Amino acid sequence: MLSKIKNLFISFFSSLKLTIVLLLIIAIVSILGTVIPQGVDVSGKIESDLVNTCKFLQLFDVYHSLWFILLMVLLSLNLIVCSLKTAPAAWKLYSIIPSPDRKKPFENLPLDRTLRLQKDKDQVIGIVKNILSKKYKRFRKKDSDEITFMYGEKGAFSHFGIYIIHMSILIIIAGAIVGSLMGFEGIMNIPEGESSNIARLVRHNKVKKFDFTVRCDAFSIEYYSNGMPKEYRSSLSFIKDNKVAYQGPLLVNHPITFQDIRFYQASYGKMPGGKALLTVKKDDENPNQLTAMQNDSFHFKEEDAAITIKRVEKNFMNIGPAVLIAVQASDANFTFWVIKNLSRLKSQIPGLFEKFPKFDPGSFKPYNFTLTKIEDTYYTGIQLSYDPGVSIVAAGSFIIIIGIFVTFFSSHKKIWVRVEGEGEQVKLSVAGTSSKDPVALQREIHNILKNIKNELGEA
Amino acid sequence: MIINTVLLSWVTFVYFLSSIFYILKLVTGKQLPGIIATYISLFGIIVQTIALILRWIESYKLGFGHAPLSNLYESLIFFAWVIVFLYLIIEWRIKSRKLGAFIIPFAFIAMAFASFSPNVKSRIQPLIPALQSNWLISHVISSFLGYAAFTIAFGLALMYFLKGDEREREKGFFPRILPSKDILDELSYQSIVMGFIFLTLGIITGSVWAYSAWGSYWSWDPKETWSLITWLIYATILHSRFVRGWRGKRMAIMSMIGFASVLFTYFGVNYLPGLHSYF
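Which chain is which? The protein sequence lines are U and L, in order. With the first letter of the first sequence counted as 1, position 70 gets the number 130 in the numbering used here; the numbers rise by one all the way through. With the first letter of the second sequence counted as 1, position 99 gets the number 225 in the numbering used here; the numbers rise by one all the way through.
No lab work stands behind these hints: they were computed from the structure. Don't take every hint at face value.
No farther apart than 25 Å at their CA atoms in a straight line, the calculated lysine-lysine pairs in the DSS-like style are these [as the list claims (entries may be wrong)]:
{"id": "1", "chain 1": "U", "residue 1": "Lys496", "chain 2": "L", "residue 2": "Lys187"}
{"id": "2", "chain 1": "L", "residue 1": "Lys221", "chain 2": "U", "residue 2": "Lys496"}
{"id": "3", "chain 1": "L", "residue 1": "Lys307", "chain 2": "U", "residue 2": "Lys496"}
{"id": "4", "chain 1": "L", "residue 1": "Lys187", "chain 2": "U", "residue 2": "Lys290"}
{"id": "5", "chain 1": "U", "residue 1": "Lys290", "chain 2": "U", "residue 2": "Lys268"}
{"id": "6", "chain 1": "U", "residue 1": "Lys77", "chain 2": "L", "residue 2": "Lys221"}
A few chain L residues facing chain U, derived, Cβ under 7 Å [claimed, not checked]:
{"id": "7", "residue": "Pro301"}
{"id": "8", "residue": "Ala361"}
{"id": "9", "residue": "Asn396"}
{"id": "10", "residue": "Leu398"}
This one's a predicted model, so the numbers in the text were calculated from it and none came from an experiment. Heads up, the beta-carbon is just placed ideally off N, CA and C, and yes, glycines get one too.
Chain U on its own, in the form it takes in the complex (with noise of 0.2 Å):
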């Protein structure tokens, strides 16, 4: 009974029909996973017994559905009883080597393969032997009575090729489940000044906090003249126990790997509001600059006052940039606009501050501010992602282009020479077969008629 599950087993995974039908459907459901968009969350938007039942059978995520899973599995188990099926007999190709006196590989031989020299046979064997034993490892010689055998291989290594490709595979997937059960992927939206240690997941829709801090001290872009992108670049910091351990710039095409984890520049994007470059004059004395976001708050010791940032608008009412402060001080709270073209309006509206003194830059006394300008400010998106399966993909995908290579580059290449007396003379053939390349084998033959008449010197 036993037994009999085992060979229904065998059968089962080694045959063709069942490789056939994995790829296709391998094929269609990929194809499935390029029409339905994936990786959305439709939880709670579309309601319909469609969309239900996509999401049960995991439509919405096909490349990581457990039926795709077992997919792989069923294909891996395939490659694995194929090979372990069909191994020995490569193994017996490639390590039998057939006596040197076959006649079969002589039948019907052309005419081309055979030479009649007026040599000593003895000579003529000596030199064959030479060359032969030196293009092949594996050479064999037989003499008989009358004739002399010899064999010589090469390429043996080619029915070898197959079972490479297939184990590459193999490896290829068990990267990719490596990556896929131990690494992560995840987001992590970064304003520029500002630094996080908590990566959004892109799967699972779960968090993770590292034990280091991702500053991103600035952001910029810069454009071709014809106003497409040219870089996108973050400079970024990280932080561990308080201490600056890496720094440097972020930019497409060059990740940053920090503890395995390799950081992306993925996107970016503007921030609310904006950064507001002003100017404090207190009296006669020289301006200080103020750098200011929407939230920031400056304390000013001699007032015992604070200021705080309320909004940056880079468009006030249609008058332009403009920037609301509010004063808390002991005796008083309160609220004004720096209005950045103040003078234009003050020219438009005469009596501006009479009719609307929240205009008034001067209000917090005895300072007067200025808006010199608003800049925008950005966020940088980066992806980061764990994968420790990386370098065992990259060994399956090194290893595949050699299984190529070996599989329809080389091949199997068996050579024999048959030295007889006929009279006077002596009657040298060469035969050969190959595995799957007939005009490379008659090249090396030709080759070989040709090495053995230099020899003799009878070019």
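Dock chain L against chain U, hints included.
Structure of chain L alone, referenced to chain U:
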């Protein structure tokens, strides 16, 4: 217009002319039109190579030098170049000019699409940050060698179908003029193997690139997925031939399905949302 695009639009006509002469050769069975066709193709590919080099130099003059492999226009031009290049090698190796009539027209179509479609912009554009990578050249070259080899296999499959029944050699027009089915089958198999190897290399170089640009060596982007689908289809073809010994008509049908997948990987994917939008 800049000189390189003018040259390239002329090359379109050169390949058209070459197609005509290959067809003439096939129909009449005479040597002369075939020889003319070969020389026209050689002339075309030389001019095209010069134009591509000029375009490369031009991009440096514009201040953002990069290989001419960075948008749909440039990829179509390169596609045509590879088809002609591979075809001329095949012609030289098999010493027959009968296949040109079913292969060079594809180069003409790609060139015509690049030069005359209003949706394909021929301007040299700078590289967006994602494309600024040393992997661009190796990825595009191996992918397009793959695409071109599959295109040739498709042309051969077409010929195989038109050839029909070889025993009716005397009756039909196509059975008389086309090469034997064995030759078509063998060449189409070899083209598929070449295409498969280069597609594999294209996918590998692409995932190495993605690993440094997108944060993952594989992110199921539609282009990635479709290249995998194409790879699976051709893997199926190779398995059915190796193990089950499928030949002839079945191979030709599957080669056509594979080519449809190639076309979708190349063009169709642009209509799906994804990261490869610049190609």
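Hints versus structure:
Distance check on the hinted pair: Lys496 (chain U) and Lys187 (chain L) sit about 51 Å apart at the alpha-carbon level, beyond 25 Å; violated. Between Lys221 (chain L) and Lys496 (chain U) the CA atoms are separated by roughly 22 Å; this keeps the pair inside 25 Å, and the hint holds. Restraint check for Lys307 (chain L) and Lys496 (chain U): the C-alpha separation of about 20 Å stays at or below 25 Å, so the hint holds. Restraint check: the Cα-Cα separation between Lys187 (chain L) and Lys290 (chain U) comes to about 17 Å, which is no more than 25 Å; the hinted pair holds.
A C-alpha spacing of about 32 Å is found between Lys290 (chain U) and Lys268 (chain U), which places the hinted pair above 25 Å, so the restraint is violated. Using a Cα cut-off of 25 Å, the hinted pair Lys77 (chain U) and Lys221 (chain L) is violated, with the two alpha carbons roughly 38 Å apart. The criterion of a C-beta within 7 Å of any C-beta in chain U is not met by Pro301 (chain L), whose closest approach is roughly 27 Å, and the hint is violated. A cut of 7 Å between beta carbons decides the hint on Ala361 (chain L): the least distance to chain U is about 6 Å, and the hint holds.
Evaluation of the Asn396 (chain L) hint against chain U yields a violated restraint, the C-beta minimum of about 12 Å exceeding 7 Å. Hint on Leu398 (chain L) holds. Least Cβ distance to chain U is approximately 6 Å, under the 7 Å limit.
Hints 1, 5, 6, 7, 9 from the list above are not met by this structure, while the remaining hints are.
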